[in-house]
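**Student:** Dock chain one against chain two, each of which comes alone in its own frame, and use the hints as you go.
Line by line, the protein sequences are chains Y and E.
Numbering that gives the first Met the number 0 numbers the first residue of the first sequence as 0 and each following residue consecutively.
Numbering that gives the first Met the number 0 numbers the first residue of the second sequence as 0 and each following residue consecutively.
Don't read these hints as lab results, they were simulated from the structure.
Note that beta-carbon positions come from the ideal geometry of N, C-alpha and C, so glycine has one too.
As a list, the in silico SDA-like pairs of lysine to any residue whose alpha-carbon atoms are at most 25 Å apart:
(1) 126(Y) <-> 113(E)
(2) 262(E) <-> 113(E)
(3) 347(E) <-> 95(Y)
Here are a few chain E residues that sit away from chain Y, every Cβ distance over 10 Å (derived from the structure):
(4) 40
(5) 67
(6) 70
(7) 72
(8) 136
(9) 321
(10) 327
(11) 330
(12) 340
(13) 384
In silico negatives: residues of chain E with every beta carbon more than 12 Å from chain Y:
(14) 16
(15) 34
(16) 135
(17) 299
(18) 396
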Amino acid sequence: MSPKRIVLYFNADTSDKPMIYRLVKDYDLIINIVKANVNPQKEGTMVLEVEGEQSIQGLDYLRNLGVKIEDLNKEIVHNEEKCVMCGACTAICPTGALKLERPSMEVSFNGDECVVCELCIKVCPMKAMEVSL
Amino acid sequence: MGVEKTYAEINARIKSGQAVVVTADELITIVKEKGLSQATREVDVVTTGTFAPMCSSGAFLSLGHTTPRMKMQKVWLNGVPAYSGLAAVDAYIGATEVPEDDPLNGNYPGEFRYGGGHVIQDLVARKPIRMKALAYGTDCYPRREIDTTITIDSINEATLFNPRNAYQNYNCAVNLTDRIIYTYMGMLKPRLGNAHYSTSGQLSPLLKDPNFQTIGIGTRIFLGGGIGYIAWHGTQHFPSIQSVDGKDLGPAGGTLAVIGDLKQMSPRWLVGTSYLGYGATLSVGIGVPIPILNEEIARYAAATDEELFAPIVDYGDDYPSMKPGNLGFISYADLKSGEITVNGRKTKTAPLSSLPRAREIASTLKNWILECQFLINEPVQLLPSPTDGLKSNTLKG
Ligand code: SF4
Ligand code: SF4
Numbered sequence: 000m001s002p003k004r005i006v007l008y009f010n011a012d013t014s015d016k017p018m019i020y021r022l023v024k025d026y027d028l029i030i031n032i033v034k035a036n037v038n039p040q041k042e043g044t045m046v047l048e049v050e051g052e053q054s055i056q057g058l059d060y061l062r063n064l065g066v067k068i069e070d071l072n073k074e075i076v077h078n079e080e081k082c083v084m085c086g087a088c089t090a091i092c093p094t095g096a097l098k099l100e101r102p103s104m105e106v107s108f109n110g111d112e113c114v115v116c117e118l119c120i121k122v123c124p125m126k127a128m129e130v131s132l
Numbered sequence: 000m001g002v003e004k005t006y007a008e009i010n011a012r013i014k015s016g017q018a019v020v021v022t023a024d025e026l027i028t029i030v031k032e033k034g035l036s037q038a039t040r041e042v043d044v045v046t047t048g049t050f051a052p053m054c055s056s057g058a059f060l061s062l063g064h065t066t067p068r069m070k071m072q073k074v075w076l077n078g079v080p081a082y083s084g085l086a087a088v089d090a091y092i093g094a095t096e097v098p099e100d101d102p103l104n105g106n107y108p109g110e111f112r113y114g115g116g117h118v119i120q121d122l123v124a125r126k127p128i129r130m131k132a133l134a135y136g137t138d139c140y141p142r143r144e145i146d147t148t149i150t151i152d153s154i155n156e157a158t159l160f161n162p163r164n165a166y167q168n169y170n171c172a173v174n175l176t177d178r179i180i181y182t183y184m185g186m187l188k189p190r191l192g193n194a195h196y197s198t199s200g201q202l203s204p205l206l207k208d209p210n211f212q213t214i215g216i217g218t219r220i221f222l223g224g225g226i227g228y229i230a231w232h233g234t235q236h237f238p239s240i241q242s243v244d245g246k247d248l249g250p251a252g253g254t255l256a257v258i259g260d261l262k263q264m265s266p267r268w269l270v271g272t273s274y275l276g277y278g279a280t281l282s283v284g285i286g287v288p289i290p291i292l293n294e295e296i297a298r299y300a301a302a303t304d305e306e307l308f309a310p311i312v313d314y315g316d317d318y319p320s321m322k323p324g325n326l327g328f329i330s331y332a333d334l335k336s337g338e339i340t341v342n343g344r345k346t347k348t349a350p351l352s353s354l355p356r357a358r359e360i361a362s363t364l365k366n367w368i369l370e371c372q373f374l375i376n377e378p379v380q381l382l383p384s385p386t387d388g389l390k391s392n393t394l395k396g
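The shape of chain E in the complex, shown without the other chains (with noise of 0.2 Å):
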């Protein structure tokens, strides 16, 4: 076997300034280039970026106590409710959480104009931000409402909580009904009128470690502008590697559950975003450094867009009826080249996730580590691979 590197060896040259650090696009170019072997035994670390919508995120509020106390039971931040079942002032305001009085679809297609995502940006961008709380009362709670204005700052914490993020792969959404509809895959035209995607491809953080060999609980990453960590695998972690006749299609299906504390990340990196006809959600920026411990891991983060593939999915019908099956495989240079043929047809195609600015993510942390102001952290435990077989149940009813 070749080179075996350990992460304590790595974090040695890391903080000697002499690691090498590359971002996914320019491990690409080094394995072409020199070969896999002398690209291994070269770079320590490799980064990824993505920035896209990413729905299953929120963060937890701790908002301080109130004179005379109070056990909120009902909270809401410019309007949008936050959960507040849990304690005495502590509350979550999720990012697809939109505001009692929105017309939502009422007049289709709806805008939902600002939500729990647009909440977190302002709360990140030291906006102040107006709070109300409704409360029933108790001995030691008396006091039953409050109207107030808060910041991050003023409150004690603040920490982002996102349990599903940073989809490895993801569907190309096509619509084949004669109308248009409005997805979170966007406006999607008739009669395959377009065909939106919605990853980083090569640079994406999950492609690059399709089996978890490095990424696992407590993974330091880039998230939101700042440093957060990875918690656990993400709600609906189903790992797989997609095949067709034997041929490896690359992996889907992984996700990661993130945390981080929110009074440092940037509202650059977390974005309200409103999905025409959807909903709100919120864009999040993660990047995730990949240690390059032996040549089969270099090997993987080497993917190129050639050899990742998404699977082209129809939104008009078989995606809300639960059809399974797809309309076929892509690979993620086709989706970039701008034009695909589906069932015959060409159509044009647009990513959702922006891929500058996942170039912007992976080479701010590559400059992060290379200052020595990220060290690469040894996961306590890695998340479950595609071997471990995680398989998705469905709701009766």
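Just chain Y, with the same shape it has in the complex (with noise of 0.2 Å):
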């Protein structure tokens, strides 16, 4: 069985419990950080590739923390046409993913950063960002 990509989010009450530890102490599971970030408000997202029996039950016991789990099957796409730079995404995105360069104040975005969250698809005013399955 092929590991199953899932992407985690949780806030400032769970993100410092040792969720890893108890992944792999308690359920046996073999986990792979792809990606974490944990922004300075304490909201956190992370990328894993879980591999092992007890993978449900291990999801299960941090879903009962308060973590919200998605499978990752899709990917956020940046439509460069109809961004018109104006910022509106760079303070939202919680892993600076969508960042302003500076002096220039262009928005750029880096898909290696992006951990799916969507909240940039709901906060582009002119529906730039763009989900691609």
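**Tutor:** Here is the structure:
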């Protein structure tokens, strides 16, 4: 069985819990952390590859802690034709995948840092951020 | 006193290809390098620019007569109602209008995917627009309904007329409450999670002529990618000079009413915009040229991001409940740096107004003038200035 790619979203109350340690120790899972990010408000996102027989139980344990879990099977695309470089997404994106370059103040998108939280999809006033499946 | 120039002299230099035209950013550098007097002597025109959502916008459309004739009472364009309480086939499509079947904030926060601003963008993009109208029928206008397709070229006139654009300055919006709020200043995260601002600072038109010494009725401008004019002062034009403890923090409160032929504008500079949980609107590109008539005008036009300030306002409670005051002032230099401190807490800033697009407007306008496609109009009448003391009224009830 190939590893399952998931993304975790957690808040300040859970970001200091030893979640990964528990997944490995209590549920015997093989975990590969693809990306991880905790912003100054202590909201965190993490992309994991998870493998192991007890993966369902392990993920239930995380859900009980209040962690939101989604399968990572989509990708976010920045439609540069539609983007007006307003910057409105840059203080919303939790990982800095969308950011203002200084001093040009142009908006750049780095897919490697994106955790597919889809916040930019909702807030972009020009609908320039798109989901591709 | 130093140099004094006239509009006629400046236009003569533009026509002879000798005018010195620079953007407001470039003027700042020139003043730093050569001093104000020399800059005033050398520079004829300074160009400015802003590209941001401007809600009080819309277009008058004169749709053309039908056979038999019809006095349209209700008009919809791509499902968005247009106001038609005008003559038989005239309508006004407002930027913030949304279809009657839009769920609005019924499923909060509403998406407002398509509204009047989007209709205007589709019109200038020369896309076909489905038009429906109803009428009650009269002896001279018997027809009662129509369902057809129009384009900007198939109708008679399309005139962009925006009653309030180009706000001189704007609040820096934050949220002190414990919940996410969705505003026209974007999504604001709880407990000072972010701070949004919305002018291009030292490039922004009305920040560069705080006393309205050159901007007035008839000023020719860059509007929506084409040429437009200042028609009047905008609604809620209450210009003032902000100050704290006697320190000048730059102007605020001025606005413009602008007009122009929509048929020569471009969808790059009139963009339908959707604010989550707030509504639909239109982002408008505007650039105003400032003729450098004397040193005082040059000094104001050279104001820097360090000298121009925005008030920080809580949109969680203070703004909606009309509480006066603010959480302090912050310079555009600090806002553009990406992080500011409010109530002792660091927070990330982001603009809603596109600085790259504002720069593009200022340099496009500069090129138009240099290529002699655009002369500087002397206003018929200047707009009211801070000394006129216009004050806002509030509605009772
Ligand atoms: S909010 Fe949308 S239009 Fe604005 S910079 Fe981000 S992606 Fe571009
Ligand atoms: S989905 Fe959008 S907001 Fe979320 S991390 Fe990716 S770029 Fe940032």
